[in-house]
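A.B. asks: Here is how the chains run, residue by residue.
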Amino acid sequence: MMRRATAVTVFGAALLALLFSCSAVSKTPSVPPKHPEDLPAGRADCLECHKDVSTGALKPYAGFRHSSVFIGSHGTYARQGQNLCSSCHVPAFCQTCHAGKEEIKPNVKTGDRPDRMAPHRGDYIATHRIDGRLDPGSCYRCHGNKSDSRCKQCHK
Amino acid sequence: MGHRTSRRNLRKRLALACLSLSASLFLPALTGGDASAADLALSSKTYGLYYERELAGGQKNRYAPLYEYLSTDASNIGGKPVSFHFYGWGRVDLADDSGDNGTSGEVGSLYLEYLHPEGNAQFKLGRFFMTEGAAVGILDGGFAKVTTPAGLGVSVYGGVPVEYSALDNVGGGKSVYGARVFFAKSGFVEIGASYVKENGDVSAKDLELYGGDLWLRVMNGVELTGQATYNQEASEMAHQRYAVRIVPGSTFDIAAGYESYTYKGLFRGALNPAFLSPSVNLDDKVSSIFGVLDWQFVPGWTLELSAKSLDHKEDNPGDAMRGGIGLRYAYNDRKDVAGLSAAFVSADRAENEYQEYRGFASYSPGKLRMTLDALTVQYKQAINGKDDQFQVVGTVGYQLLASLHISGNLTYTQSPDFEEDWAGLVRLNYDFGTSTGGKK
Chain H
0 MMRRATAVTV
10 FGAALLALLF
20 SCSAVSKTPS
30 VPPKHPEDLP
40 AGRADCLECH
50 KDVSTGALKP
60 YAGFRHSSVF
70 IGSHGTYARQ
80 GQNLCSSCHV
90 PAFCQTCHAG
100 KEEIKPNVKT
110 GDRPDRMAPH
120 RGDYIATHRI
130 DGRLDPGSCY
140 RCHGNKSDSR
150 CKQCHK
Chain C
7 MGHRTSRRNL
17 RKRLALACLS
27 LSASLFLPAL
37 TGGDASAADL
47 ALSSKTYGLY
57 YERELAGGQK
67 NRYAPLYEYL
77 STDASNIGGK
87 PVSFHFYGWG
97 RVDLADDSGD
107 NGTSGEVGSL
117 YLEYLHPEGN
127 AQFKLGRFFM
137 TEGAAVGILD
147 GGFAKVTTPA
157 GLGVSVYGGV
167 PVEYSALDNV
177 GGGKSVYGAR
187 VFFAKSGFVE
197 IGASYVKENG
207 DVSAKDLELY
217 GGDLWLRVMN
227 GVELTGQATY
237 NQEASEMAHQ
247 RYAVRIVPGS
257 TFDIAAGYES
267 YTYKGLFRGA
277 LNPAFLSPSV
287 NLDDKVSSIF
297 GVLDWQFVPG
307 WTLELSAKSL
317 DHKEDNPGDA
327 MRGGIGLRYA
337 YNDRKDVAGL
347 SAAFVSADRA
357 ENEYQEYRGF
367 ASYSPGKLRM
377 TLDALTVQYK
387 QAINGKDDQF
397 QVVGTVGYQL
407 LASLHISGNL
417 TYTQSPDFEE
427 DWAGLVRLNY
437 DFGTSTGGKK
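Going down the list, the protein sequences come from chains H and C. Counting from 0, one number per residue, gives the positions in the first sequence under my numbering. Counting from 7, one number per residue, gives the positions in the second sequence under my numbering.
Keep in mind that the hints were calculated from the coordinates and are not lab data. Be careful, since some hints might not be right.
[Claimed, not checked] Simulated crosslink set (DSS-like; lysine-lysine; CA at most 30 angstroms straight-line):
#, chain 1, residue 1, chain 2, residue 2
1, C, 203, C, 86
2, C, 51, C, 86
3, C, 191, H, 155
4, C, 66, C, 270
5, C, 341, H, 151
6, H, 104, H, 50
7, C, 191, H, 104
8, C, 341, C, 373
9, C, 291, H, 104
10, C, 270, H, 100
11, C, 392, C, 314
12, H, 50, H, 100
13, H, 155, C, 341
14, H, 50, C, 373
15, H, 155, C, 319
16, C, 86, H, 100
17, H, 104, H, 151
18, H, 100, C, 191
19, H, 155, C, 86
20, H, 26, C, 191
21, C, 203, C, 270
22, C, 291, H, 100
23, H, 104, C, 86
24, H, 151, C, 373
Since the model is a prediction, treat every value here as computed from it, not as a measurement.
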């Protein structure tokens, strides 16, 4: 059993090294780790400067305009790669909402940016009773295994 | 308890091992270049809150937590495509009533990343937030991803999941590993298949997920997306979502699709009792049809519409329909935005129905910035004897220096939980960078 696990690990590492080498000779540029230009205020629209397809994300820039449609479905794109996201957003940006044992609601932290789509505005303790009954899957992504002690006061 | 202690020790050892390995792998690579060269970004966000809470029996407690959120990002270290990222926060209570031992905090991310300039080859080591196929979460471990010139790619990862359990005698996962294989043709398609296995403290918490994901450009401006996850341990389709999106340019964006999930499949690894029986009926299943529109019909003016049906297999909680309409106006070189929105939920059961109305605006003359945000919710059936809530948030801020901004919130709330609640917040943001470039 141990030998098999070792063999699988060695084979996996060799395969990864081979693919890594193949990738290194690719002529496709990666997304730069940091967007080289300062970004204008407001929601990002890559089409203001870029055209057609991102060489790093391999998808059209139009799809990454930060409309309410994109923001609501950004997870679909992020599951295939976050390189384009991380060119403009530092990791801390994602973890404003996708946190571990966060204690401050995102809309409180970004209270001076009411234009941002931040979840749980108002006294969400009251409204979450309804949203949680109707669509608990939308809560689960952030609160399923990263809950804080406040959940336990009622959910025992 | 023994389990928890050993798991904590294991996590600490693995985290230290990851950090040591990171240092030993990456530091030698830096010595070949100019080790002093790096694009640095430092962000410090300090929040001081003050509020009162009335406890059962009429006792009033005062809370004054002080939070510090710190993030550091260094890229192009030593002229190499290597970057370092740190994000963490800590709290100290300034009022005696705060409880919870007066302190809290966590390290959200702490990792080194190598991003090859060509071919999207990528390597991470440390603690990081990851979304890859069926896997979403924070991980102490390693991640590698490569895309070959032919478009075939693979990603692999493994380590210890960073999870926090609210269940008695049950901790988070002990280990997690997985992979995703994919094929991408630039501007045309990306299709992937993924696998993730998480071993829990007890067998019931093991997770084994198979995932599939698709992005397909069927014609210029028209995209099809899909993602599906199957839970092997629960023998259930956990979640699936399919959508068609039409985004011909930068002013119009519309999407519609279908989404469904089963409680047994999706909540299998839950560490929060809110997602377990008896809080929820694990036999339930939700199916949804949804549509979203974002249309900038005149420069600066945007109309937002959304609708989503929620069909439950079980009569309780029953079915519902959620709809929303919003109008936004961006001005002052897009630094400021004003918006109005209305949303409603109509449902089979009166206890699930409500309407929500919101208005907000910002005004930024020079270095000053002011915002106002008002929200009210009308519940069809009273909660705690009250059938509505009302909240107003006002903020004032000033740009003291190019890198230093101070602002404050004052929040007033009337709701089923708070009769008359005032809360204050002071925010100090410091952002320092050694190079230009976008970081939001």
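A.B. asks: Is residue 66/C within 30 angstroms of residue 270/C, Cα to Cα?
C.D. replies: violated, 41 angstroms
A.B. asks: Would the pair residue 155/H and residue 319/C pass a check requiring their Cα atoms to be no farther apart than 30 angstroms?
C.D. replies: OK: residue 155/H and residue 319/C at ~25 angstroms, within 30 angstroms.
A.B. asks: Assess, step by step, whether the Cα of residue 86/C is no farther than 30 angstroms from the Cα of residue 100/H, and give holds or violated.
C.D. replies: Given pair residue 86/C, residue 100/H is violated - Cα atoms ~34 angstroms apart, limit 30 angstroms.
A.B. asks: Is the hinted pair residue 392/C and residue 314/C satisfied, with a Cα-Cα distance of at most 30 angstroms?
C.D. replies: holds, 27 angstroms
A.B. asks: If you draw a straight line from the CA of residue 151/H to the CA of residue 373/C, is it 30 angstroms or shorter?
C.D. replies: Answer violated: residue 151/H to residue 373/C is near 43 angstroms, above 30 angstroms.
A.B. asks: Check whether the Cα positions of residue 203/C and residue 86/C lie no farther apart than 30 angstroms.
C.D. replies: violated, 34 angstroms
A.B. asks: Hinted pair, alpha-carbon criterion (30 angstroms max): residue 100/H, residue 191/C. Please report holds or violated.
C.D. replies: violated, 39 angstroms
A.B. asks: Are the Cα positions of residue 291/C and residue 104/H separated by 30 angstroms at most?
C.D. replies: holds, 28 angstroms
A.B. asks: Residue 191/C and residue 104/H were given as a pair; does the straight-line alpha-carbon distance stay at or below 30 angstroms?
C.D. replies: violated, 39 angstroms
A.B. asks: For a C-alpha distance cap of 30 angstroms, please report whether residue 50/H and residue 100/H respect it.
C.D. replies: Measuring from Cα to Cα gives roughly 40 angstroms; hence the hint is violated.
A.B. asks: For the pair supplied as a hint, residue 203/C and residue 270/C, confirm whether the alpha-carbon distance does not exceed 30 angstroms.
C.D. replies: Between residue 203/C and residue 270/C the Cα gap is close to 17 angstroms, so the pair holds against 30 angstroms.
A.B. asks: Can the restraint linking residue 104/H and residue 86/C be considered satisfied, given a maximum Cα separation of 30 angstroms?
C.D. replies: violated, 37 angstroms
Checked against the numbered hints above, the structure breaks hints 1, 3, 4, 5, 6, 7, 12, 13, 14, 16, 18, 19, 23, 24 and satisfies the rest.
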